[in-house]
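Quick mapping for you: the protein sequence lines, in order, are chains V and L.
Once you know that position 26 of the first sequence is 26 in the UniProt record's numbering, the rest is easy, because the numbers rise by one and skip nothing.
Once you know that position 203 of the second sequence is 203 in the UniProt record's numbering, the rest is easy, because the numbers rise by one and skip nothing.
Accuracy of the hints is not assured; some may be wrong.
To be verified - Counterexamples of contact, computed for chain V against chain L with all Cβ distances above 12 angstroms: (1) V59; (2) R66; (3) S94; (4) K161; (5) L169; (6) W299.
What the hints assert, rightly or not - Below, simulated DSS-like cross-link-like pairs (lysine-lysine); rule was C-alpha separation at most 30 angstroms, straight line: (7) K7(V) x K73(L); (8) K6(L) x K11(V); (9) K94(L) x K11(V); (10) K129(L) x K11(V); (11) K11(V) x K73(L); (12) K7(V) x K130(L); (13) K7(V) x K78(V); (14) K5(V) x K204(L); (15) K7(V) x K94(L); (16) K5(V) x K72(L); (17) K7(V) x K129(L); (18) K73(L) x K5(V); (19) K72(L) x K7(V); (20) K11(V) x K182(L); (21) K11(V) x K80(L); (22) K71(L) x K7(V); (23) K130(L) x K11(V); (24) K7(V) x K80(L); (25) K5(V) x K6(L).
Don't read these hints as lab results, they were simulated from the structure.
Note that the Cβ used here is the ideal one computed from N, Cα and C, for glycine as well.
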Amino acid sequence: MFFIKLKRVIKAGFINFWRNTVVSLASVFVMTTALFVIGGMVLSSALFSSLIVDVKDKVDVNVYLRTDASGQEALALKESLEALPEVRSVEYLSREQALVDFRERHRDDELVLGALEELEDNPLGAVLNVRAKEPSQYEGIAVFLEGDPSVGTTPAPIVDKVNFFQNKLVIDRLSALINILQRLGVVVSVVFVCIAVLVTMNTVRVAIFASREEIAVMKLVGASHNYTRGPFIAEGMMNGIVAALITTALFYPVTLWFSNFAGNFFGDFNVLSYYLANIVQLLFLLLASGLVVGFLASWLAVRRYLGH
Amino acid sequence: MLYFQKVSKVYPDHSTALHDVTFTVNRGEFLSLVGHSGAGKTTVIKLILGEEAPTKGTVSFESVNIHSLRKKKLALYRRKIGVVFQDFRLIPSKTAYENIAFAMEAAGRTDAEVAADVPDVLELVGLQKKMSNFPRELSGGEKQRVAIARALVNQPELIIADEPTGNLDPINAHEIVQILKKINELGTTVMLTTHNRGVIDDLKRRVITLDDGAIVRDDEHGKYSL
Numbered sequence: 001m002f003f004i005k006l007k008r009v010i011k012a013g014f015i016n017f018w019r020n021t022v023v024s025l026a027s028v029f030v031m032t033t034a035l036f037v038i039g040g041m042v043l044s045s046a047l048f049s050s051l052i053v054d055v056k057d058k059v060d061v062n063v064y065l066r067t068d069a070s071g072q073e074a075l076a077l078k079e080s081l082e083a084l085p086e087v088r089s090v091e092y093l094s095r096e097q098a099l100v101d102f103r104e105r106h107r108d109d110e111l112v113l114g115a116l117e118e119l120e121d122n123p124l125g126a127v128l129n130v131r132a133k134e135p136s137q138y139e140g141i142a143v144f145l146e147g148d149p150s151v152g153t154t155p156a157p158i159v160d161k162v163n164f165f166q167n168k169l170v171i172d173r174l175s176a177l178i179n180i181l182q183r184l185g186v187v188v189s190v191v192f193v194c195i196a197v198l199v200t201m202n203t204v205r206v207a208i209f210a211s212r213e214e215i216a217v218m219k220l221v222g223a224s225h226n227y228t229r230g231p232f233i234a235e236g237m238m239n240g241i242v243a244a245l246i247t248t249a250l251f252y253p254v255t256l257w258f259s260n261f262a263g264n265f266f267g268d269f270n271v272l273s274y275y276l277a278n279i280v281q282l283l284f285l286l287l288a289s290g291l292v293v294g295f296l297a298s299w300l301a302v303r304r305y306l307g308h
Numbered sequence: 001m002l003y004f005q006k007v008s009k010v011y012p013d014h015s016t017a018l019h020d021v022t023f024t025v026n027r028g029e030f031l032s033l034v035g036h037s038g039a040g041k042t043t044v045i046k047l048i049l050g051e052e053a054p055t056k057g058t059v060s061f062e063s064v065n066i067h068s069l070r071k072k073k074l075a076l077y078r079r080k081i082g083v084v085f086q087d088f089r090l091i092p093s094k095t096a097y098e099n100i101a102f103a104m105e106a107a108g109r110t111d112a113e114v115a116a117d118v119p120d121v122l123e124l125v126g127l128q129k130k131m132s133n134f135p136r137e138l139s140g141g142e143k144q145r146v147a148i149a150r151a152l153v154n155q156p157e158l159i160i161a162d163e164p165t166g167n168l169d170p171i172n173a174h175e176i177v178q179i180l181k182k183i184n185e186l187g188t189t190v191m192l193t194t195h196n197r198g199v200i201d202d203l204k205r206r207v208i209t210l211d212d213g214a215i216v217r218d219d220e221h222g223k224y225s226l
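Kindly produce the complete structure, drawing on both the sequences and the hints.
Spelled out as structure tokens, the structure:
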């Protein structure tokens, strides 16, 4: 009997969905908007994460060594830096390489190149390029360098200068900004999703308000609460399925337009390829959201008119 | 089969709809309930359907107090009663056939039973050619026939017709009453409320007259006397 009833409920829901064209279109439209917000949040959070990873990657601290520091001393410092848990990588740039890079950077500047020719020796020291796992950890690394015997006041220091102290303000602000952006992202997503869900629920409620007489009649002819409620819930869930399919398809032109528009502003991250690579997961997420919202909206709306 | 025992009903706005009403409906009877607007007819029907609870007294169907029934039992109980309203109360989004089929499906009948019984009952009320029409495509008389067919299809023990002729012209009204008489002759108890003097005088069956929430007459072969 359960399956017969289930079949009837789904069939009735489908017939209602099909016959109430205007109401169904309105509900699907609103739900598509809601799901678009949810999907948009997912895509933009992926975009943001990649952007943040990109920016984090661009932050580093350079340890400029003195010109009289030997290669061995430099490598010893590199190793002790690499042993720090905060450090992701340390790149060693030899004096010679530093000079080559310097020349390359200033190849159009006759004055600088001329001045360089006047010097007998290579004026540049070797450089250690340090990358931390998190921008907030640079401070710890800098503090370590200050306390290291090879730095500052100790005899025969090999470190000339750490540019963290010049970049400190920028790095601090950047890590604070990234923190705020991530938190804000979560809050904004939750608020938007709540608004979208509430608007959908209201639309469904208005649609079901028009059916309150119908609900009363169903009860009068002896239909149980579940049997009365069933077709409305089935219809709500169908709205959700159709809206999820439309939304998923709609993201193709949107991401296509966006990737053309943004070009390589976001580095290597391409929204279109991200969308295409994750289309199945996105579809499932939207289907699940559509089904849950459709179910809840209809269930709550009908409950009002079922009474005792 | 149906017992009203010292039933009073006071609505939340302190208006008294029924006052100390006692009567019995016997199986197989054709009973008419008459009275002015506000006399309490609709309240009697709401009490029978369990839509309202009495303030005092009990309403029982067979030996069961209707108002002690829980949700699920109440739905089961309502399937024993077929109701026909003045405003038809058909489901507008369903065709004539589907409106009747819905009542059967709600009662848990199989698809085969639905397919067999719905055309039969539509034939009984003379509407077999309009089974695919929606309520908005039917005349008042036709809608009322669909409502009667729906009330009838689950072979209820009692059919309640609340002003079924109120919105109909005399010819359609007469036809509806003839259908109700036929149903009663086939063994179903019928309870009719009406304002229509012609209908009552024509029937020559038991008439209960309500006035201001109380029973003023209960005649075995009554006439309309208000």
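Evaluated hints:
Non-interface call for V59(V) relative to chain L: holds, since the shortest CB-CB distance, roughly 63 angstroms, exceeds 12 angstroms. Its beta-carbon lying about 87 angstroms from the closest one in chain L, R66(V) satisfies the requirement of being farther than 12 angstroms from that chain. The claim that S94(V) is not at the interface with chain L holds, since no C-beta of that chain comes within 12 angstroms of its own (minimum 82 angstroms). For K161(V), the shortest C-beta to C-beta distance to chain L comes to about 80 angstroms, beyond the 12 angstroms cut-off, and the non-interface label holds.
Every beta carbon of chain L lies more than 12 angstroms from that of L169(V), the smallest distance being close to 67 angstroms; the non-interface claim holds. Its beta-carbon lying about 16 angstroms from the closest one in chain L, W299(V) satisfies the requirement of being farther than 12 angstroms from that chain. Restraint check for K7(V) and K73(L): the C-alpha separation of about 23 angstroms stays at or below 30 angstroms, so the hint holds. Proposed proximity of K6(L) and K11(V) is contradicted: the alpha carbons are some 46 angstroms apart, above 30 angstroms.
Of the supplied pair hints, the one linking K94(L) and K11(V) holds, its CA atoms being roughly 12 angstroms apart against a limit of 30 angstroms. The suggested pairing of K129(L) with K11(V) holds, with an alpha-carbon distance near 24 angstroms, which does not exceed 30 angstroms. Simply put, K11(V) and K73(L) have alpha-carbon atoms about 26 angstroms apart, close enough for the 30 angstroms limit, and the pair holds. Between K7(V) and K130(L), the direct Cα distance comes to roughly 26 angstroms. Compliance with the 30 angstroms bound is thereby established for this hinted pair.
A hinted pair counts as satisfied when its Cα atoms are at most 30 angstroms apart, and K7(V) with K78(V) does not qualify at roughly 71 angstroms. With a C-alpha separation of about 44 angstroms, the suggested pair K5(V) and K204(L) falls outside the 30 angstroms cut-off, and the hint is violated. Taking the CA atoms of K7(V) and K94(L), the gap is about 17 angstroms. The hint holds against a cut of 30 angstroms. At roughly 16 angstroms between alpha-carbon atoms, K5(V) and K72(L) fall within 30 angstroms of each other, so this suggested pair holds.
Our distance criterion of 30 angstroms between C-alpha atoms is met by K7(V) and K129(L), whose separation comes to about 27 angstroms. Annotation: proposed proximity of K73(L) to K5(V) holds, straight-line Cα distance about 18 angstroms (limit 30 angstroms). Note on K72(L) and K7(V): the hinted pairing holds, with a Cα-Cα distance of about 21 angstroms set against a maximum of 30 angstroms. Proximity of K11(V) to K182(L) is assessed by CA-CA distance (about 35 angstroms); at most 30 angstroms being required, the pair is judged violated.
Among the hinted pairs, K11(V) with K80(L) is consistent with the structure: their alpha-carbon atoms are about 26 angstroms apart, no more than 30 angstroms. A C-alpha spacing of about 23 angstroms is found between K71(L) and K7(V), which places the hinted pair at or below 30 angstroms, so the restraint holds. With a CA separation close to 22 angstroms, the supplied pair K130(L) and K11(V) stays within the 30 angstroms bound. Between K7(V) and K80(L), the direct Cα distance comes to roughly 25 angstroms. Compliance with the 30 angstroms bound is thereby established for this hinted pair.
With a C-alpha separation of about 41 angstroms, the suggested pairing of K5(V) with K6(L) is violated against the 30 angstroms cut-off.
The structure fails to meet hints 8, 13, 14, 20 and 25 from the earlier list, while all remaining hints are met.
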